[in-house]
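2 protein chains.
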Amino acid sequence: MSKAQPMVELWRGDRLESWHAGHAVIWGEGGAVESWGDAGTIIYPRSSCKMIQALPLVESGAADAAGLTDRQLALSCASHQGAALHVEATGRWLEGLGLGEADLRCGSHEPYDRDERNRLIRAGDAPCQLHNNCSGKHCGFLTATQHMKAGPEYVEVDHPLQRAIRQATEEVTGETVAGYGIDGCSAPNFAMSLAGLARAMQSFAAARDTGDGRQRAMARLRDAMATHPEMVAGEGRACTELMRAMGGRVAIKTGAEAVFVAMLPAQKLGIALKIADGGTRAAEAAVVALLVRLGVLEPSHPMAQKRLPGVQRNWRGIETGGLRLADGFI
Amino acid sequence: MSKAQPMVELWRGDRLESWHAGHAVIWGEGGAVESWGDAGTIIYPRSSCKMIQALPLVESGAADAAGLTDRQLALSCASHQGAALHVEATGRWLEGLGLGEADLRCGSHEPYDRDERNRLIRAGDAPCQLHNNCSGKHCGFLTATQHMKAGPEYVEVDHPLQRAIRQATEEVTGETVAGYGIDGCSAPNFAMSLAGLARAMQSFAAARDTGDGRQRAMARLRDAMATHPEMVAGEGRACTELMRAMGGRVAIKTGAEAVFVAMLPAQKLGIALKIADGGTRAAEAAVVALLVRLGVLEPSHPMAQKRLPGVQRNWRGIETGGLRLADGFI
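Chains as they are written, first to last, in our numbering: chain A, 1 to 330; chain B, 331 to 660.
Calculated from the structure, these hints are not laboratory results.
Hints may be right or wrong, so weigh each one.
A few chain B positions that, by computed beta-carbon distances, are all more than 12 Å from chain A [what the hints assert, rightly or not]:
no.	residue
1	345
2	351
3	415
4	435
5	500
6	553
If you only want the chain B side, here are some residues facing chain A, beta carbon under 7 Å, derived [unchecked claim]:
no.	residue
7	347
8	399
9	450
10	606
Just a few of them, taken from the derived set where beta-carbon distance is under 7 Å, the chain A residues facing chain B [stated by the list, open to error]:
no.	residue
11	186
12	237
13	312
14	313
Don't be surprised by glycine CBs; every beta carbon is placed ideally from N, CA and C.
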């Protein structure tokens, strides 16, 4: 616990108000290039590992058999915000499988998308499982499950799909999984070291579509995310806005409790970071700072500016303080 | 920064996922009774000091001249959630002063109260300044300003009201203020040590309505908060639910960036705590643990159970983990 390194500070007036410590690793072809905090810390990657969880979907041939588009593959790696386009896309996906919303096992929550949230409120409708930020991943799970002719309880840890995900996870991280927890969407989430996650992201970054089956699957998922950023999160969200700002050259993904990963194909680098207290504002600022440092994100881009350390304003637009990077981090 | 002590952990499965460090002080008649982390750390108390900011309102005679009720005094110390009852009460208060919503200087934000939020969305209405969680405090500010015959820009740091608040702050904390920041509601927020805030809370706790003017004002504000908990926050919120659970015997107040204070009249104790990373979930768990330990909150009460370290469930009601107190804290 004590090895987390101060990374991001919140200042108000001329005084430090709050601060966030964490861990980060940049992984290259030869191993760790640079790290902060403890690269060996064991974390739950949460939604940041959805592209790993989607590997069996592609590698089994299920994605091709179902005729999935890159847009759907991006959605299978998404924590979307339940906007109309996400709800329509997942609804049609299930229809194509001959399944329905009730076959999902992710549960329901109010969508993060304000337009869709307001539409539901005006109509007096309750959110359904399609609104769950993980419904795209679960559509991918159902597609793979159907292809495997496996049972409907696809989130149980001993289901053939979850066993395949565990195996893929161990292969790409180079580690035996360190147990698992149940995620917000009821799927098992396999624990791993932050270094293992960074190593996996490096494999995704370096994968070529002319390589072996694993490489082709990785490159396809990575490029689907980078070129369909609107499917991976949604308007106003960090993943979508930052991937757009990087022009499809880099894929990034957030996870609950302040995990963030990035895949940089040109540099063949993978990044994984975790803020120890789960503070998303700090994870976003830290990943932006790393992407700027590595030269793939233009610091003057409005979407970078929005999350870079800088000025914070209150409800009346008055400057109150801002985020800063802590001494010793970058 | 390094002296913050681990206080609250989030576990998932059988593994620590995230953790929060912070500072806490219990202050008694003779000084600090017990502390964790660094009692001398300088913090912004944010909304946790609203009862201090309300002292000039009562002590100047403005509250009595305007015929304010205890319900209104509770609202002057509130971070309310903009529910219908809060909007009505602040609207009528301003009307009684011959003022209107445009005289407020707090800005607008979407109310936290779901019913009121949904009503606005259905009606196609925008939130107004009455919905701002600080509008009750600002009504108190306007009442005091009117009584002082001071100018309308009552949130400027050199306005007579803010100078009176600065003086009261220094008297109750026993410290010279360590500068100030601009709060979310545009009012100055004076920095102080956590120990100074705890000391102030002890004065509020020990104040008698038979004492001097300062004591009577403190007792009146404290008791107004404890006996009108619905005005201090709102349904579902920690301050309201926990004060109800303690049956009006203890007053508590949260502040942004994970500050929490408590005033325990029977024990003549004050509590102040700050989670270093600003994580509200940890501040709530920590204050509940302290109130239980001091014997004023029944740990089996549903409102305590809701925030005590324990089980956390996901969207489908499946147990995923829970909060725990860190070793060495309580």
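Evaluated hints:
no.	hint	in the structure
1	345	violated (6 Å)
2	351	violated (8 Å)
3	415	holds (21 Å)
4	435	violated (7 Å)
5	500	holds (17 Å)
6	553	holds (31 Å)
7	347	holds (5 Å)
8	399	violated (27 Å)
9	450	violated (10 Å)
10	606	holds (6 Å)
11	186	holds (5 Å)
12	237	violated (18 Å)
13	312	violated (10 Å)
14	313	violated (10 Å)
Hints 1, 2, 4, 8, 9, 12, 13 and 14 from the list above are not met by this structure, while the remaining hints are.
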